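Undergrad: For this one, chain Y is given, so just place chain G on it according to the hints.
Respectively, the protein sequence lines represent chains Y and G. My numbering puts the first residue of the first sequence at 1058, with every later residue one more than the last. My numbering puts the first residue of the second sequence at 2, with every later residue one more than the last.
Hint data in this document are derived by calculation from the structure and do not stem from the laboratory. No false leads were slipped in.
Derived Cβ-Cβ restraints for the label pairs, each shown as a range:
#1 Y:P1245 to G:N63: 45 to 53 Å
#2 G:L124 to Y:L1300: 29 to 37 Å
#3 Y:S1067 to G:G146: 31 to 39 Å
#4 Y:G1189 to G:I108: 53 to 61 Å
#5 Y:L1235 to G:P86: 31 to 39 Å
#6 Y:Q1073 to G:N63: 23 to 31 Å
#7 Y:P1245 to G:K175: 21 to 29 Å
Which bits of chain Y does chain G cover? Going by a derived footprint, with three or more residues having C-beta under 8 Å, they are:
#8 1167-1180
#9 1292-1303
These numbers come from a predicted model, not from an experiment. Cβ coordinates follow ideal geometry from the N, Cα and C atoms, glycine included.
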Amino acid sequence: MMPRKNLLVSAVRKEQIIKSLAQGKRVDGRGLLDYRPLNITPNIIEKAEGSAFVKLGDTHVITGVKIGVGTPFPDTPNEGILIVNAEILPTASEYQEPGPPDEDSIELARVVDRGIRESKMIDFSKLVIEPGKHVYTVYVDISVIGMDGNLFDAASYAAVVALMTTKFYPLINQNGTLVKGSEKIPLPIQDLGVSTTFAKVDNYIIVDPTWEEESIMEARLTIVYDKNGNICAVQKGGNGGLLVDDVLKIVDLAKSKSEEMRKVLEGVISNA
Amino acid sequence: MENQLIVNGKRTDGRSPTELRPLKIDVGIIKNAAGSSYIEHGKNKIIVAIYGPRDSHRYGINIERATLRCRYHMSPFSTEERKNPQPSRREIEISKVIRDALEPSLILENFPKTTIDVFVEVLQSDGGSRSASITAASVALADAGIPMKDLVEAVAVGKVDGTLVLDLNDIEDKKGESDMPVAFMLNENKITLLQMDGKMTVEEFKAGLMMAMEAAKKIKEIQKEALTRKYSSGERKNDA
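Bound conformation, chain Y alone (with noise of 0.2 Å):
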C-alpha cells in the first residue's frame, strides 16, 4: 500500500485550526512564526565520525556522517565527494512501510544535499588525498524516526550540526599506501546553510509545520540562507499554488528566521 502522505484531518479541526490562526495563535499554542521547541544532540552516535539528533516537536531525526575514501567523480578530480541520503523510518508513523527510499524520503535528501553544496559550507577541495585518485567521501546518511511535519527543517540542522562535529582520522599517501594518522581532524567547514521552511494554511503564513497542518496547507516553502545572507537552495512542496506576494513576503521572513535559527545551531556547536 502506498504510504499516506497526508493525515485525514477532519473539517471540525481544520475549522479549529484555521479559526485559531485568524486571533494569532496556532493549535499547540503558539503564534505563526514561532518554531517548535528544538532540542539538539550532537555526537550521540560514537560509531559514525559526525552524528546529531533533532527533535523539532515530534519530528525525530538522526543523521549519522561516515568518512570513506572513493575515486573522484572524472570531471572533479581536485574534489571531495558529497552523498546524502535519507530514510523516513517504518518507526516514524503507522503509514510507513518498510522498502526502498519513497519519493518523499528522495526528495528530502536532495533538498539537503543542496543546501550543504550550494552554501559551500565543506571546502571539497581540501579532501583530496591524491588528485585524481583517492578523495573523501562525506556520507550523509538521514533517518526519521519520527514525524509530525517540517521533516525538511530538522533533517538540515541534524546533517549540518553533523558535519560540523565530525571528526575523522585523515589519510596520509605514504609510497603510495594510504596511512591512517595519527590524530582526528574537523572537516574543512567555511559556511553554515540554515533552512527555514513556511507554510500556508487558508490565509495564513506559518512557519515550522506540523505535520497536521502540512495534511491542510495549500504548499510550503523551503528557503536555505548563507552566513552572507545570501539565498543558495529553494524548493516549494505540496500539491497547491503560492501567491507571488507570498513568496516575496516569505523570502524576508526566512531571511530574519534563519538568523534566529543560526544563532540557536551556532550554540549547539560551540557546545559540542
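TA: Frame of chain Y, contents of chain G only:
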C-alpha cells in the same frame, strides 16, 4: 577571459540576457493517448502523453478526486553520455515537483476514483528540461480535456557571470552561479513550482521572479496558439 559565458551582452548562443530560446509546441501527436504534446525548447525535445482519467488501482483509490501521477523520464540517448535507463533519484524528484506544479491547475474533483497519468519522455535534454516538461504537460492535459483553471507554464532564470539571465541553456545551467526554475498559473497570480540552487541575493531573487513571470506570459501565448492550431482546423480529438 576565455571562460566567459556573456561577451558584450551576448550569451553563448547569441541571445540577450532576457531572451527566450526558440520554443515550439505541437498538440495531439500520439493517437492512443487521451492528450499529448511535443515541445522543442532550445535543444530540449520532449513528448508528453496523458492517459486517463481511468479507473484507479485498488490501492490508489481516492474517493474525492482523481489521483494525478507523473513520470519524468530521460531516454538513454538524450544526453552526451548514455543515461542509464533506470529512473535516477533526480528523475524521481523531478517527477514529484512536476506533479506538484500541475496539480493546482486541475479540477480533479470531477473524476473521483480515477487516475490521470502524465508520462514525460525527454528525447533530448538541454538546460531547463523540467520547465519545458511542465509547459508541454499542461498543453497535453488541455488536449486530453481535463478541466483546468489555467494553463501552467515554466521557465528558469539564473545568474551567469554576475548577470540575471532568462531561460538557461545547458552550459549556463552547469557553469552559471545559480538556476531557478519557476512555474506559474498566471490567471491566479500563483507560483506552482519554485526551486533554486546556487547563490543569489534577496534582490536578485525577487528580480528573477519578475523576469520569469514576464517570460511565462510569452510562453502562455505559444501554448494557446498550439492548442488553437489543432482545434480550429475542425479535426476531431485523437485524429491527429
